[in-house]
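> Here the protein sequences come in this chain order: A and B.
No gaps in the numbering here: position 594 of the first sequence is 593 in numbering that gives the first Met the number 0, and each next residue is one more.
No gaps in the numbering here: position 249 of the second sequence is 248 in numbering that gives the first Met the number 0, and each next residue is one more.
Hints listed in this document are in silico derivations from the structure and should not be mistaken for laboratory results.
Be careful, since some hints might not be right.
To be verified - Calculated pairs, BS3-like style, for lysine-lysine (alpha carbon to alpha carbon, straight line, at most 25 Å):
1) Lys-196/A to Lys-184/A
2) Lys-301/B to Lys-8/A
3) Lys-230/A to Lys-188/A
4) Lys-563/A to Lys-536/A
5) Lys-142/B to Lys-8/A
6) Lys-437/A to Lys-346/A
7) Lys-230/A to Lys-263/A
8) Lys-8/A to Lys-135/B
9) Lys-192/A to Lys-122/A
Claimed, not checked - Listing some non-contacts, in silico: residues in chain A with all C-beta distances to chain B over 12 Å:
10) Ser-12
11) Leu-16
12) Arg-18
13) Phe-37
14) Ile-40
15) Met-98
16) Glu-115
17) Met-162
18) His-228
19) Lys-230
20) Ser-486
21) Val-497
22) Asn-579
Computed from a predicted model, the values in this text were never measured in an experiment.
For each residue, glycine too, the CB sits at the ideal point set by N, CA and C.
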Amino acid sequence: MAIKDNTEKTERSEYRLFRARAYVAAALVLLAMLVVFFRLINLQVQQYDHFTELSKENYLKRIPIPPVRGLIYDRNGVLLADNHIEYVLEAKEDDVDDMPSMLRSLMQLLPINLQEIKKFKQKMRVNSRFHPVVLRKNLTEQEIATFSANRFRFPGFKVSVRMERTYPLGSVAGHLLGYVGRIDKRDLKKLDKKEYKGSTHIGKTGIEKQYETRLHGKAGYEVIEVDAHGKPQRKVSEQAPIAGEDIFLSIDLELQIKAEELLKDYNGAAVAIDPRNGDVLAMVSMPSYDPNLFVNGISYANYNALRDNPDRPLFNRAIQGAYPPGSTIKPMAALAGLNLGVTTPSKTVYGKGFFQIPGNRHRFRCWKKSGHGHISLNRAIYQSCDVYFYDLAFRMGINRYSKAMNKFGFGKKTGIDLPHERSALMPTQEWKRKRYDKFWYPGDTVNTGIGQGYFTATPMQLAFATATLANRGRKIKPHLLWATRVSRNLPEKLVKTVKLPSIGVTKLRYWDDVIRGMVNVVHGAGGTARRSGAGAKYRFAGKTGTAQVFGIAQNKTYNASKLKKKLHDHALFVAFAPVNNPRIALALIAENGGGGSKVAAPIARQLLDTYLLSKEDKQLLKEKQAAIAEQAENKAKKKSRRR
Amino acid sequence: MDYNNNDSSLSKTIFRLLSRIDLVLIVTLILLLSLGSVTLFSASGENMRMMNTHTVHLILATSVMLIASQLSSETLNRWSIWIYTIGLIVLILVLIQGTMGKGAQRWLELGSIRFQPSEVMKLAVPMMVASYLSNKNLPPSFKEIFIACILVIIPMLLIVQQPDLGTALLVATAGFFVIYFAGIPWKWLFASLAAIAVAVPLVFKYGMHEYQQQRVLTFLNPELDRLGSGYHIFQSTIAIGSGGIHGKGWLNGDQSRLDFLPERHTDFIFAVFGEEFGLLGNMILFSLYIFIIWRGLYLATKGHDSFARLLGGSLSLTFFIYLFVNTGMVSGILPVVGVPLPLISYGGTSMITLMAAFGLLMGLRRRKRRDYNA
Numbered sequence: 000m001a002i003k004d005n006t007e008k009t010e011r012s013e014y015r016l017f018r019a020r021a022y023v024a025a026a027l028v029l030l031a032m033l034v035v036f037f038r039l040i041n042l043q044v045q046q047y048d049h050f051t052e053l054s055k056e057n058y059l060k061r062i063p064i065p066p067v068r069g070l071i072y073d074r075n076g077v078l079l080a081d082n083h084i085e086y087v088l089e090a091k092e093d094d095v096d097d098m099p100s101m102l103r104s105l106m107q108l109l110p111i112n113l114q115e116i117k118k119f120k121q122k123m124r125v126n127s128r129f130h131p132v133v134l135r136k137n138l139t140e141q142e143i144a145t146f147s148a149n150r151f152r153f154p155g156f157k158v159s160v161r162m163e164r165t166y167p168l169g170s171v172a173g174h175l176l177g178y179v180g181r182i183d184k185r186d187l188k189k190l191d192k193k194e195y196k197g198s199t200h201i202g203k204t205g206i207e208k209q210y211e212t213r214l215h216g217k218a219g220y221e222v223i224e225v226d227a228h229g230k231p232q233r234k235v236s237e238q239a240p241i242a243g244e245d246i247f248l249s250i251d252l253e254l255q256i257k258a259e260e261l262l263k264d265y266n267g268a269a270v271a272i273d274p275r276n277g278d279v280l281a282m283v284s285m286p287s288y289d290p291n292l293f294v295n296g297i298s299y300a301n302y303n304a305l306r307d308n309p310d311r312p313l314f315n316r317a318i319q320g321a322y323p324p325g326s327t328i329k330p331m332a333a334l335a336g337l338n339l340g341v342t343t344p345s346k347t348v349y350g351k352g353f354f355q356i357p358g359n360r361h362r363f364r365c366w367k368k369s370g371h372g373h374i375s376l377n378r379a380i381y382q383s384c385d386v387y388f389y390d391l392a393f394r395m396g397i398n399r400y401s402k403a404m405n406k407f408g409f410g411k412k413t414g415i416d417l418p419h420e421r422s423a424l425m426p427t428q429e430w431k432r433k434r435y436d437k438f439w440y441p442g443d444t445v446n447t448g449i450g451q452g453y454f455t456a457t458p459m460q461l462a463f464a465t466a467t468l469a470n471r472g473r474k475i476k477p478h479l480l481w482a483t484r485v486s487r488n489l490p491e492k493l494v495k496t497v498k499l500p501s502i503g504v505t506k507l508r509y510w511d512d513v514i515r516g517m518v519n520v521v522h523g524a525g526g527t528a529r530r531s532g533a534g535a536k537y538r539f540a541g542k543t544g545t546a547q548v549f550g551i552a553q554n555k556t557y558n559a560s561k562l563k564k565k566l567h568d569h570a571l572f573v574a575f576a577p578v579n580n581p582r583i584a585l586a587l588i589a590e591n592g593g594g595g596s597k598v599a600a601p602i603a604r605q606l607l608d609t610y611l612l613s614k615e616d617k618q619l620l621k622e623k624q625a626a627i628a629e630q631a632e633n634k635a636k637k638k639s640r641r642r
Numbered sequence: 000m001d002y003n004n005n006d007s008s009l010s011k012t013i014f015r016l017l018s019r020i021d022l023v024l025i026v027t028l029i030l031l032l033s034l035g036s037v038t039l040f041s042a043s044g045e046n047m048r049m050m051n052t053h054t055v056h057l058i059l060a061t062s063v064m065l066i067a068s069q070l071s072s073e074t075l076n077r078w079s080i081w082i083y084t085i086g087l088i089v090l091i092l093v094l095i096q097g098t099m100g101k102g103a104q105r106w107l108e109l110g111s112i113r114f115q116p117s118e119v120m121k122l123a124v125p126m127m128v129a130s131y132l133s134n135k136n137l138p139p140s141f142k143e144i145f146i147a148c149i150l151v152i153i154p155m156l157l158i159v160q161q162p163d164l165g166t167a168l169l170v171a172t173a174g175f176f177v178i179y180f181a182g183i184p185w186k187w188l189f190a191s192l193a194a195i196a197v198a199v200p201l202v203f204k205y206g207m208h209e210y211q212q213q214r215v216l217t218f219l220n221p222e223l224d225r226l227g228s229g230y231h232i233f234q235s236t237i238a239i240g241s242g243g244i245h246g247k248g249w250l251n252g253d254q255s256r257l258d259f260l261p262e263r264h265t266d267f268i269f270a271v272f273g274e275e276f277g278l279l280g281n282m283i284l285f286s287l288y289i290f291i292i293w294r295g296l297y298l299a300t301k302g303h304d305s306f307a308r309l310l311g312g313s314l315s316l317t318f319f320i321y322l323f324v325n326t327g328m329v330s331g332i333l334p335v336v337g338v339p340l341p342l343i344s345y346g347g348t349s350m351i352t353l354m355a356a357f358g359l360l361m362g363l364r365r366r367k368r369r370d371y372n373a
């Protein structure tokens, strides 16, 4: 080991060596710190916005505030869909220290069952510690009082208010209103996630679905600051929700209820439209169902009962039921014939009880075996001569006939503001080839002339076509939305009617000719529904229809008493009134009801009376409305009391 | 003390104590410590208890510094071998205590005082190496350098076993800095750096605990696992980045205030500082640090003898390594190693060691003529 020679010279050289190394070290220190500093510039200047965003994502949370759903009224302001206030007992896991013992004491205090406890625990596991979870719904006043008195024993638990959709009139207009239900996976795919973050329910069908956006409103939110553990610290900002719009339907509840009563013994449907503006005054499908059942998830038992019921109460017959329209379309067919020049008002056909296509032996029978003899258009309508219309359709040919009927809306959706409307069928040669890969036979055309064969229509289509007829070709789209109201303090805003292209006719008096025939149906001496027209305080026009449900062999006759109820004829009736200034047009069907004149026409007459007579006598109307409103209110009260 | 002074009046004693202090350095240190205390107040979540403890640490550390500044380089040179040897023995004791106890063991319990022996080695190792090399003619021969390396590596391996990678790294660098200042030929220096570069992957694979490996992997790709092991770096870069140029203001750092920043009063306090005081604050902080390092190197060149210079240079650069590794780690350009931000992070041991080092630095200065003659 070398011994250090401690001379002045060595000392100086070692000092110089150190100083040189120190300079290099200092340079390296500066360089290294410069590298870190450039990194800081990169973070704090270049990426400042990015990290500010990330920082906010960390500590700012948006809590959605669901809007209050809009209410639904009829045109006179009778409440059809309400938001029922219910009280719930809830808690956040984070706020409760000893959950098991607290639940035990709560069970002693309130009638909470094990099912509720189980559900509560399940939800606790799924939700965040800071998210309130409901323990018991629908607290009674008694329960609220009991809990409030003992509140100090249950820190963390509290009673909150929730809104629940209710339909105070139960099954009245059930199909029409539809219902809201819990948002499910299918809904989640379609809806605007931002708007529905705080919402639990969404319109599933009917008006509730159709006008979901209007009724739902705009969600609000509050921005809160949370710490790393998700615990809220303070409110940063708030955007109040905008409540959904209130909706007024064009429905006249009195007429609606009357129609439901009159049809309650049948499966059937009725639609009434104000021809002047397309307001749907009543839309009935019987049997109906109670939409309240669906709001919080229908039970399996209830759902199965509805689904498996042979009368199919969930099926909205008014817009989905495709029925053979029978003779109710004869006025429209007559107009088509006149317009095409295939017939004239004065031209007669010899009704001998059946019709045969030249060169074919098949007999298309008239409902009147003996035949109507020489018959013109007017009498063919009011006596509903089948042979006349077999002949007419045969001579128009299916394509021309179909096109003319399309103009009345047959075979097309009316565009009523409800989901799931069906277009039924106005057949063509083309259609049959595509559907069955078969030729269209002339015989097929003959059947459509009396609204049978492949020809089907929904009650809504029939009512719409009748309204168009009443308007002499002026078509107005039927609609249920009558007015909306943004806030309870603001006046309601009427919805504009949508006019569709009119049906033009070559001679204006053709309308009179056809309508005269329809007037004679109820007011004429030989009219098929003359009994229903008797004693009316107004003049009206109508047309009966009796649609065969199944084919009868050539050598047999229809005998209702020998057939099952299911195979009985459907009874139909279309009408509008008053003739000179129509304010209501309606179509109704009683499935397997038998004859149109015997069953359907009297019901129609009562409906017209209900609507028109009360209008005539304003005082009477007011009294009735007051009575109905009171009744509805009582019903609602009873309902809420029961809860 | 290597000189006699019969004057024992109190004022004279105080004057003598303070006369050894480097005024420039102490003022800068006080500035830095004040800035650190202000930051810690925010980082601790305005925790007064922690601030009280911090004050005790400050008083203790300053006292230790004052005492250390009284030691002359001859005294230190003489003590080096003993401090080093005792340090090694204690390290071994800690390891034995650890294997008998429950895994990782860094502390030695002496009554109520918890004592981290590896911390002492941060001073003892450079002292030992400086003592050894300064007795030789500089620059040292290959054999001398080899022996010096052994002196460094033995305590380093013992500390790695604890396991405490951060401290082991700091102890080793402190030792190697002495060898650097002693004048290791440049080609040997670069050759050994190259050798380390080759060795690192091997050490990673065979010499590291799983959590250490994970930290390195996370460093390489922190975005990979934002909620798992990448969380520290992810949150600290958010804190610094969202501070911007001007910072969010004192006590207004959202990342730290709302608990998103882990270990925010210890290893990650730089993120709190960066978030609240921004790039401008960082500029001031870095200026203070660089000034302190410069002053340390300056004091080292003014060292009494070779030992003083070597030790002073090493201590200054070790302080720099603290700074570089910590700020580099928190800003995400270096892997996460448990190294505190010097003089600012909460923790008594590190603060006392660092202040002791600065005390030593001050004491190493060349004696004035009359001191020699005394």
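> Just double-check Ile-40/A for me: nearest Cβ-Cβ distance to chain B has to come out over 12 Å.
7 Å, violated
> Sort out whether Lys-188/A lies within 25 Å of Lys-230/A, counting only the CA atoms.
Measuring from Cα to Cα gives roughly 30 Å; hence the hint is violated.
> Test the statement that Ser-12/A is away from the interface with chain B: the closest C-beta pair must be farther apart than 12 Å.
8 Å, violated
> Please confirm whether Lys-230/A is truly not at the interface, meaning its C-beta sits more than 12 Å away from all C-beta atoms of chain B.
Contrary to the label, Lys-230/A does not stay out of reach of chain B, its closest Cβ about 9 Å off (not over 12 Å).
> Regarding the assertion that Phe-37/A does not contact chain B, is the least Cβ-Cβ distance greater than 12 Å?
9 Å, violated
> With the threshold set at 25 Å, check whether the alpha-carbon distance from Lys-230/A to Lys-263/A stays at or below it.
57 Å, violated
> Say whether it holds or is violated: Val-497/A keeps its Cβ farther than 12 Å from all Cβ of chain B.
Consistent with the label, Val-497/A stays out of reach of chain B, its closest Cβ about 54 Å off (over 12 Å).
> Holds or violated: Lys-192/A and Lys-122/A, Cα atoms, limit 25 Å.
Answer holds: Lys-192/A to Lys-122/A is near 21 Å, not above 25 Å.
> Going by Cβ atoms, does Asn-579/A stay more than 12 Å from chain B at every point?
Answer for Asn-579/A: holds, closest chain B Cβ roughly 77 Å.
> Evaluate the condition: distance from the CB of Leu-16/A to the nearest CB of chain B exceeds 12 Å.
5 Å, violated
> Hey, is Met-98/A genuinely clear of chain B, shortest beta carbon separation above 12 Å?
25 Å, holds
> Can the restraint linking Lys-8/A and Lys-135/B be considered satisfied, given a maximum Cα separation of 25 Å?
Satisfied, since the Cα-Cα distance of roughly 14 Å is no more than 25 Å.
The earlier numbered hints that this structure contradicts are 3, 4, 6, 7, 10, 11, 12, 13, 14, 18, 19.
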